[in-house]
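S.K.: We have chain E; now place chains L and Z onto it with these hints.
Chains as they are written, first to last, in the working numbering: chain E, 81 to 226; chain L, 81 to 226; chain Z, 81 to 226.
It cannot be assumed that every hint is accurate.
As the list claims (entries may be wrong) - Just a few of them, taken from the derived set where beta-carbon distance is under 8 Å, the chain Z residues facing chain L:
(1) M101
(2) E122
(3) A179
(4) L182
These are calculated hints, taken from the structure and not from any lab test.
Owing to the predicted nature of the structure, the values given are computational and were not obtained by experimental measurement.
For glycine and all other residues, C-beta sits at the position ideal for the given N, C-alpha and C.
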Amino acid sequence: MLDNNVFASFVFYSVLLVLKMYVIAFITGQVRLRKKAFANPEDALRHGGTQYHRGDPYVERCRRAHQNDMENIFPFLFLGAIYSLTEPTLFVARLHFLAFFLCRIVHSVAYLCQLKAPTRSVAYVIGQVPCLSMLLQILFAVASHW
Amino acid sequence: MLDNNVFASFVFYSVLLVLKMYVIAFITGQVRLRKKAFANPEDALRHGGTQYHRGDPYVERCRRAHQNDMENIFPFLFLGAIYSLTEPTLFVARLHFLAFFLCRIVHSVAYLCQLKAPTRSVAYVIGQVPCLSMLLQILFAVASHW
Amino acid sequence: MLDNNVFASFVFYSVLLVLKMYVIAFITGQVRLRKKAFANPEDALRHGGTQYHRGDPYVERCRRAHQNDMENIFPFLFLGAIYSLTEPTLFVARLHFLAFFLCRIVHSVAYLCQLKAPTRSVAYVIGQVPCLSMLLQILFAVASHW
Chain E
81 MLDNNVFASF VFYSVLLVLK MYVIAFITGQ VRLRKKAFAN PEDALRHGGT
131 QYHRGDPYVE RCRRAHQNDM ENIFPFLFLG AIYSLTEPTL FVARLHFLAF
181 FLCRIVHSVA YLCQLKAPTR SVAYVIGQVP CLSMLLQILF AVASHW
Chain L
81 MLDNNVFASF VFYSVLLVLK MYVIAFITGQ VRLRKKAFAN PEDALRHGGT
131 QYHRGDPYVE RCRRAHQNDM ENIFPFLFLG AIYSLTEPTL FVARLHFLAF
181 FLCRIVHSVA YLCQLKAPTR SVAYVIGQVP CLSMLLQILF AVASHW
Chain Z
81 MLDNNVFASF VFYSVLLVLK MYVIAFITGQ VRLRKKAFAN PEDALRHGGT
131 QYHRGDPYVE RCRRAHQNDM ENIFPFLFLG AIYSLTEPTL FVARLHFLAF
181 FLCRIVHSVA YLCQLKAPTR SVAYVIGQVP CLSMLLQILF AVASHW
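Only chain E is shown next, with the shape it has when bound in the complex:
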């Protein structure tokens, strides 16, 4: 399947997006350590005392960025894989993957750097366009197989 250029292109962007999610998880952990804000009493105890079992607005921001990624990147991993099986042209497929990829990068940067609204929301909405396009094309492909 990796010999299929469309699928290989999908895999390339998907894997980078998974890496991006791991980076957000890493940043969250670093912020927790630096701000001494731990979700679990056992972690707080190890880092100075139970008074550090507390929340922090920037930790919450990191978590919202991660959560939004799960809500959107995981469905992309599914839709993109199935879409690759519907034999789209490489150019059009790549346009879908690249558009989604760039939007999610902008989304994460806008979230973590607290960029002025509506940067983040616009990145989110534009990122949904290739997903909805793939979703519709999959439905048409499945319908035409019946």
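M.R.: Structure of chains L and Z alone, referenced to chain E:
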């Protein structure tokens, strides 16, 4: 793979479930705008002021519905795809996919419309039956290949 | 694809991890019932009254364990499947899957049993190693196909 009727049937219901999740995300956003309850200060600022950086019970309800979908629909996307490779009969496979699909629709409606308990929980539990059935059949199929 | 030994091995460990996530969801539900701590007023009403529409620290702990699983096991389901297509040797592939599997079991036990830090964090970090290894190998495989 889309020529495989079982897989095509799985893809059909899966894609509709992903669409359902996008609809919940859209509703959450609309409720945030209508109730002026934003998770980020930059969003609140754009929509009238930082006093709208606040929570709202119905937004939280939408988020719980979305969260429960992620906890259950994402595993289904994996289990269903693998299960389709185990060569089940089309009728039995479709029964699994359709049962899960209908339960998740009922689950979302029960959540968002705040239907009387235990409607939502019953939909959740019945929806787990086809998932556990597929999970066991996959384990048997893998074991028989060894 | 299930005839491919690497893929079959991946499926085996993945399905057990999905089952582990279902077990955490089940435990969360049981704790909610036993501690009478419900996220929805309609559930509280059915189990004694709206005063049970409340949070509970152990329910929150279960939910954090589940959330961390989603953040890590779902990407594994994707990376492992693609990695299986890159024709790794069975021994090395299995080492990746088994290491991740064991780390996630330890992670869940450490979370739910509130084991002394840094047991849980160490399990999380070691579990990331096979994921990052697969991620890099996938990138090399895709690059070499171009």
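S.K.: Compare the structure with each hint and give your call.
M.R.: Hint-by-hint comparison with the structure:
1. Here the hint on M101 of chain Z is kept, as its CB sits about 7 Å from the closest CB of chain L, short of 8 Å.
2. With 8 Å as the threshold, the beta carbon of E122 of chain Z comes within range of chain L, its nearest partner Cβ sitting at about 5 Å, so the hint holds.
3. The restraint placing A179 of chain Z at the interface with chain L is violated, with a minimum CB-CB distance near 19 Å, outside the 8 Å limit.
4. Of the supplied interface hints, the one on L182 of chain Z is violated, with its beta-carbon coming no nearer than about 18 Å to a beta-carbon of chain L, more than 8 Å.
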